[in-house]
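Next come the chains, spelled out residue by residue.
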Amino acid sequence: MKNTFAKSMLFTAIIMTSLAACKKDNTGPAEKPFVVTDHYVAGTITPANNAYNSVYMISLLENNKAVFISSGNNFTGDYTLTKDSLIVIISDPANYRVAKFAINEKHELTSAYYRALTTEYKATGKLLEIEATNQLAGKTFKGEEFKMGPVSFKKDLVYKFSSTGTTYGSGTDPQTINDQSNAFELINNSAFKFKSGSNVEMGFYTNNQLTVFRLSGLYYFGTYTQQ
Amino acid sequence: MVTENLLRKNSDSARWALIIFIVSCGFVACKKESANVAMPILSNLEVGTNNNKIAYPGHDFHLEASIVASGSLASIKLQITPVLSGRGWSYTKIYTTGYAGLKNTTFHEHLDVPADAVVGDYDVLLLVTDQLGNKSEVTGRFKVVNDPTLPSITGLQLTLNPNGDALKLTGVINAPGRIAKLDVRVQSTAWTKVFSFTDADMVGYTTHNLNRSIDLSDAPKGHYHIHFTLSDQVGKQIGYEYHFDKN
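These protein sequence lines are chains Y and B, in that order.
Counting from 0, one number per residue, gives the positions in the first sequence under numbering that gives the first Met the number 0.
Counting from 0, one number per residue, gives the positions in the second sequence under numbering that gives the first Met the number 0.
Just so you know, the hints here were simulated from the structure itself, not pulled from any lab data.
We treat Cβ as the ideally placed atom computed from N, Cα and C, and that holds for glycine.
Some clues are possibly wrong.
Stated by the list, open to error - Derived DSBU-like pairs: lysine-lysine, alpha-carbon spacing no greater than 30 Å straight-line:
no., chain 1, residue 1, chain 2, residue 2
1, Y, LYS125, Y, LYS153
2, Y, LYS192, B, LYS142
3, B, LYS52, B, LYS102
4, Y, LYS192, B, LYS92
5, Y, LYS31, B, LYS92
Claimed, not checked - Covered stretches of chain Y, going by a simulated chain B footprint (3 or more residues, C-beta under 8 Å):
no., segment
6, 68 to 79
7, 83 to 92
8, 131 to 144
Make a model of the complete structure from these sequences and hints.
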């Protein structure tokens with residue numbers, strides 16, 4: 000009887016061991032590995048006189064190529080990612096740019112530095128995941144717009160994106176905003192750039208907020224909360 | 000007693016055979032999940048018309064490659080960047096529609112080169128990911144050049160008649176190198192036909208008002224790609240890609 004019990008235990012143990020070998024691979028959902036090319040950097044650049052907060056994005060491409068996107072021309076350069084830093088350099092002497100970020104173990108940017116040619120700017124930056132779908136579609140944002148400095152220009156400016164996420168409109172009267180007014184370039188599914196002649200408006204969306212910069216003769220900027 | 004022992008022995012043997020069988024099944028099941036699948040293979044990269052490795056600002060740009068993915072395709076990433084750091088055309092797109100789930104396919108896409116694309120050397124990269132996460136890439140290089148003597152078709156319009164059996168093509172052809180031929184390739188997954196126009200009223204001329212109809216009476220219903228290749232007499236070519244649905 001004792002012998003039979005021991006054999007049964009051995010039998011069960013062997014089967015459990017053989018199945019456990021499989022189970023090991025299936026223990027809960029695997030943590031998604033960090034892939035830098037599934038992310039981009041978005042942030043603001045402010046000159047020393049605090050006249051404006053300009054918006055920029057940096058797409059992080061394959062083979063360590065980076066594309067710096069701002070209200071001017073796009074510039075392509077290279078990036079270097081280490082466990083605690085991300086450095087982007089546009090080495091073309093005529094358009095030299097360097098952006099340096101400290102990065103923590105959670106892959107968050109903890110500091111930002113930006114220099115264009117010889118001029119340094121105050122900078123912010125966030126490493127945003129590239130979402131699979133358009134994050135602007137159908138959303139409305141409201142907030143305070145500033146013009147060329149810290150004095151409020153429009154207290155309640157509203158940005159309204161169409162349900163298709165390809166056009167938007169803005170204004171202070173939500174009832175009269177035509178969200179089909181401006182057809183924009185969607186960037187990494189959560190940022191936009193609109194160009195009309197020499198006028199440029201661009202922004203990025205994160206944490207229910209839209210950060211916008213507009214170049215329209217003068218500089219306009221603000222951060223708007225999702226409604 | 001001897002019979003009893005024999006029976007017990009046979010019963011033990013059967014039990015051990017069962018154990019070995021179950022354990023083996025367990026390992027086979029494990030092995031199946033981690034079986035190695037070959038990496039996707041990319042070949043025959045074609046960059047530009049007839050692989051000429053040239054793109055023209057404001058014009059269509061042809062890209063093609065053969066793909067074999069035994070793990071079934073998940074996505075194809077296309078990346079275009081200038082070789083030199085600085086100002087230049089950059090383009091990235093991840094293609095899934097029409098490709099995801101396939102094991103063997105041809106990547107065939109046409110891009111619109113921006114009219115303000117900076118001339119110079121560019122890198123193109125195709126990165127294929129299969130559904131197991133295996134990745135393979137192929138790279139190439141091409142030039143963006145301005146060529147005022149390039150043939151062109153402006154105001155090109157396609158009008159499908161109500162029955163869907165004829166497609167009218169209108170536009171203005173300009174070819175400083177004189178028109179040699181216009182090929183119109185109409186293609187769906189089920190039907191392909193190339194219509195070549197070398198009519199006397201266009202060949203040899205530098206300008207021609209295009210006004211032709213092509214017969215689609217035997218083309219089945221479906222989504223069609225229509226590709227125009229205009230050639231001049233000094234060997235320059237330009238392509239245009241359009242789409243239409245025959246309902």
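Cross-check of the supplied hints:
no.: 1; hint: Y:LYS125 / Y:LYS153; verdict: 26 Å, holds
no.: 2; hint: Y:LYS192 / B:LYS142; verdict: 27 Å, holds
no.: 3; hint: B:LYS52 / B:LYS102; verdict: 27 Å, holds
no.: 4; hint: Y:LYS192 / B:LYS92; verdict: 17 Å, holds
no.: 5; hint: Y:LYS31 / B:LYS92; verdict: 22 Å, holds
no.: 6; hint: 68 to 79; verdict: holds (count 6)
no.: 7; hint: 83 to 92; verdict: holds (count 4)
no.: 8; hint: 131 to 144; verdict: violated (count 0)
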